Amino acid sequence: MELPNPDPRPEGEVRELERIWATPRGWRMVTAVNNTVIGLLYIGVAFLFFLMAGLLAVVMRTQLAVGDNRLIDQDLYNQMFTVHGTTMMFLFAVPAVEALGVMLLPQMLAARDLPFPRLSAFAIWAYVVGGLVFFSTIFYDLAPKGGWFMYPPLTLMEYSPGDNADFWLLGIGFIEISAIAGAVEIVVGALRTRPPGMSLARMPIFAWTMLIFASMIMFAFPAVILATMMLEIERAFGWPFFTAAVGGDPLLWQHLFWFFGHPEVYIIFLPAAGLVSMMVPTMARTPLVGYHLIVVALIGTGFFSFGLWVHHMFTTGIPALSLAFFSAASMAVAVPSGIQVFSWIATIAAGRQRFRITTASLFILGFLFIFTLGGLTGVMVAMVPFDHQVHDTYFVVAHFHYVLIGGFVFPLFAAIYYWMPLFSRRMLSERVGRWVFWMMFVGFNVTFLPMHLTGLRGMPRRVWTYPGEMGWDTLNLISTAGTYVLAAGILVFLVDLAAKFRIGNRAVENPWGAGTLEWLPNDVYSTRSIPHITSREPLWDRPSLPQEVRDGHHYLPNAPTGWRETIVTSPIHARPQYVIQMPGPGWPPFLAAVFTAAFFLLLTVKMVAIAVICGVLAIVFVLAWAWGLDPGPSKGMIEIAKGVRLPTYMSGPTSHSWWAMVVLMFVAGSLYLAYVFSYLFLWVVSPEVWAPAGSPAPPPIGWPAGSAALLLAGSGILWLVSRKLQQYAASRLAMSAALLLSLVCLTAAFMLETCGHLTTGLNPGENAYGAMVYLGAVLFAQLVLALLIMGLFTLARHLAGKLDAVRRVTYDNYALLYYYTVAQSLLGLGLIHGFPRLIG
Amino acid sequence: MNEPIHEPPVAGAILFLLAGPILWGGHLLAVYTFHAVTCAVGGPWATAVVPGSIVAATLAAAGALLLGFSFPGKLAQALRCFDQDDSQPFLIRAGRLLTVLSLAGVLWTGSGALTLAPCVQFR
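Line order of the protein sequences matches chains X and R. For the first sequence, full-length UniProt numbering begins at 1 and goes up steadily by one. For the second sequence, full-length UniProt numbering begins at 1 and goes up steadily by one.
Just so you know, not all the hints are guaranteed correct.
Simulated DEER-style distance windows between Cβ atoms [claimed, not checked]:
1. R:T115 <-> X:Y140: 51 to 57 Å
2. X:M1 <-> R:T33: 49 to 55 Å
3. X:A245 <-> R:P44: 24 to 30 Å
4. X:R575 <-> R:G52: 40 to 46 Å
5. R:V120 <-> X:A609: 53 to 59 Å
6. R:T33 <-> X:M637: 49 to 55 Å
To be clear about the criterion: a stretch of chain R counts as covered by chain X if any three or more of its residues have a C-beta under 8 Å from a C-beta of chain X, and this derived list gives those stretches [to be verified]:
7. 26-34
8. 39-46
9. 67-78
10. 95-107
Simulated from the structure, these hints should not be mistaken for lab results. Model, not experiment: these values are computed from the prediction. Cβ coordinates follow ideal geometry from the N, Cα and C atoms, glycine included.
Using the sequences plus the hints, can you model the full thing?
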């Protein structure tokens, strides 16, 4: 292969890269956006939550060690298991996966950073502040008590008064927003910042898993965001979505929650499987067996996982045939999971040399054993009659801990030992690591294996104590003893971590002899030059690659724009398309995150005025941050390799910002589909409260027709401006008038829709129909508010001379969201006004 | 400035790759919704129409999947998702394997209609 930059590089390029990518020091560290810095913070905080939630587990196991124990009271126990589960799922597992993505993905793709570094920083700080406040509620008797799934009616205001449940609903709601921000980053990063030549067929398995992980977040999280909105609105304003007496249904919560909750398990497991698929070939010293099959299995698992949610609801009274559909899907998902397990075993067996036993390997083998057992009990609970027997017993607790600890925590520890040399000057001790593994492995199995029996003997979940004569004492005592061994193993790990972990450049370049790009020579700017890729294990197939990269013989060995930059490639074949200029450190993402967290948390404790001020400040800082983006084409074309010149600016469907907006539109679309499902579900459950028989008939057709006409007029204006942006941008008056007119149309359409229902006397608090109609208006209002901000921002940029026919990213994003809003609103008008007429 | 290297739209490749799973998801959603709504709002006629409709939907979905498996080139052509590159065999192979997985899922799901009484609860 001919080198992209065969000639010797001029002096000073590396120093220039170091200057541009330097990490802020001292108290300015919080403004850092480099993926290696904020990624470390992200994984560190996620691990802190793992430890704190683990401590809660130790206390709970101590309480359960013997029957009739009174170590802690029932109320605190309820708070503990709720915070334990919530923290492990929302504050540890998903953030830890995103942290690994932020830390490792750019290195594996040899990109300088992910495409939206400030978005990553925002997501991380929002999570850190919000997560710590949420967890601290356990110390003030303010923690939620409804279990990590917060089922109504238990969590309705009548049965859960006080702010405890609100901390869950608002706290988790915005942590989900943080997860979605991370997902946008990862989808665009995995598809658009791969090195030249790294087609989809050569993409590392971890990148595949992160792509699928982020895509699953896009479609799964909106369902629970809608559910949390609905429950919070019902608690705060009495709109009865979940109150059966007036047409609501608590089962709607279960549908929405588990449509998120079951994929969530695979959202956690798939990236862990990706980590294993990266480590196993290195330790077996042979390429992964069945790369294609693993990719197929990952996609299949990701997709199938959305068809399993009802298996959490087998005992809710759904007809048997419907249960059979989901039972079949639950068993079918074992097939792609099995494919992966057999691929790993085959890779271990295929190595010409013996599988290397390191601490990371031990954790992988432990994962295989534990996860396979968890998978087998998963098939057992997928069978409806068996599930009826063990539902809500400790059998289920044992099953999901086998799946989640086996499927995520063990691979995570393997990953920490394996990738530690990338981020630390010293490696962790292999000798101590073996102690850590065996204590965790033995401790885990001693804790959770007996729980299968405890469950089969009938011990229910979520009980704070039990009568001593039930015959559960011995098994519980064994489980508690195992917990202490498991905790001791983690303590030994922490001691080793404290002794060995030192942030800095790695001491050994590639200690395991791996074949993938993260083991190229790295610095704050990632790799000196971005390599051209011709295989899946480039370091094995081209041993000279590290030196070539270090000497700047591949792409973009310097910083021609004088700013942070990386190459954007095409999504399928990874052909270079343009060079993206990325923002550096700055205060706005940090402050926007802090004020976003403050807005949600203050709202929880009903400090509305201060919350609104914080919300406004958050928006101001987001706008300040966005003002510096869209640098325009002033840098022209630059040379990234000999004879290869790329533009430094891109707008339209090829640009990364367009992609990010499309991802956001998918998220918004998923949320709206969840709303449509909820509307139809409640109609099926309670048709008697639906208009026109059970509620005021919808307003005359003129109201929705007027609203629709205004929406179409607004999008028509924007379409016209898009086509002739050159002419419009040349005239301040024409452009300003067009933008303002589009906003007026949108706002008027919203007002018309809302006022129409008000004129009929429909009351959102009266029954589920009224609540669903006005919820549609709330969802419309959210988009109108977002578009008002974006439209005025676009106008401001135009007036400041930062928007023209070429420099048009801000306008394109506004127009894209506007078109989406029109499409969603037209669908909504059809549903809200058409459906009652159809059934009437 | 705004003329990047041409590549077929990624949406076509994604649709091609996910055609099987999308069909599986569509089938599951269709039979579940049909069954739930029919049993919830239907009268005695519901028990008569449910099994046959589900079997018919399953056979239709299975037929479509078999077509997709047998003629992936035609589907790729229709979606205009490939040009000449080494990703093409990878995507075709992956797409076909996903179709096989989806076929298993569809048949597994639909088979319940042959053995279980419609609109009856377990308890």
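How the hints compare with the structure:
1. Restraint check, T115 (chain R) to Y140 (chain X): a C-beta distance of roughly 54 Å satisfies the suggested window 51 to 57 Å.
2. Here the CB-CB span from M1 (chain X) to T33 (chain R) is close to 54 Å, well matched to the stated 49 to 55 Å.
3. Checked against the hint of 24 to 30 Å, the C-beta distance between A245 (chain X) and P44 (chain R) comes to roughly 29 Å, which is consistent with it.
4. Taken as a hint, the range 40 to 46 Å is violated for the pair R575 (chain X) and G52 (chain R), whose Cβ atoms sit roughly 51 Å apart.
5. About 55 Å separates the C-beta atoms of V120 (chain R) and A609 (chain X), a value consistent with the hinted range of 53 to 59 Å.
6. For the pair T33 (chain R) and M637 (chain X), the beta carbons lie near 53 Å from each other, so the given range of 49 to 55 Å is met.
7. Check result for the segment 26-34 of chain R against chain X: holds, 3 residues qualifying (beta carbon to beta carbon below 8 Å, three or more required).
8. Check result for the segment 39-46 of chain R against chain X: holds, 3 residues qualifying (beta carbon to beta carbon below 8 Å, three or more required).
9. For a cut-off of 8 Å, the count of residues in the segment 67-78 of chain R with a CB near a CB of chain X stands at 0, and the three-residue condition is violated.
10. For a cut-off of 8 Å, the count of residues in the segment 95-107 of chain R with a CB near a CB of chain X stands at 6, and the three-residue condition holds.
In summary, the structure is inconsistent with hints 4, 9 from the numbered list given earlier, while agreeing with the others.
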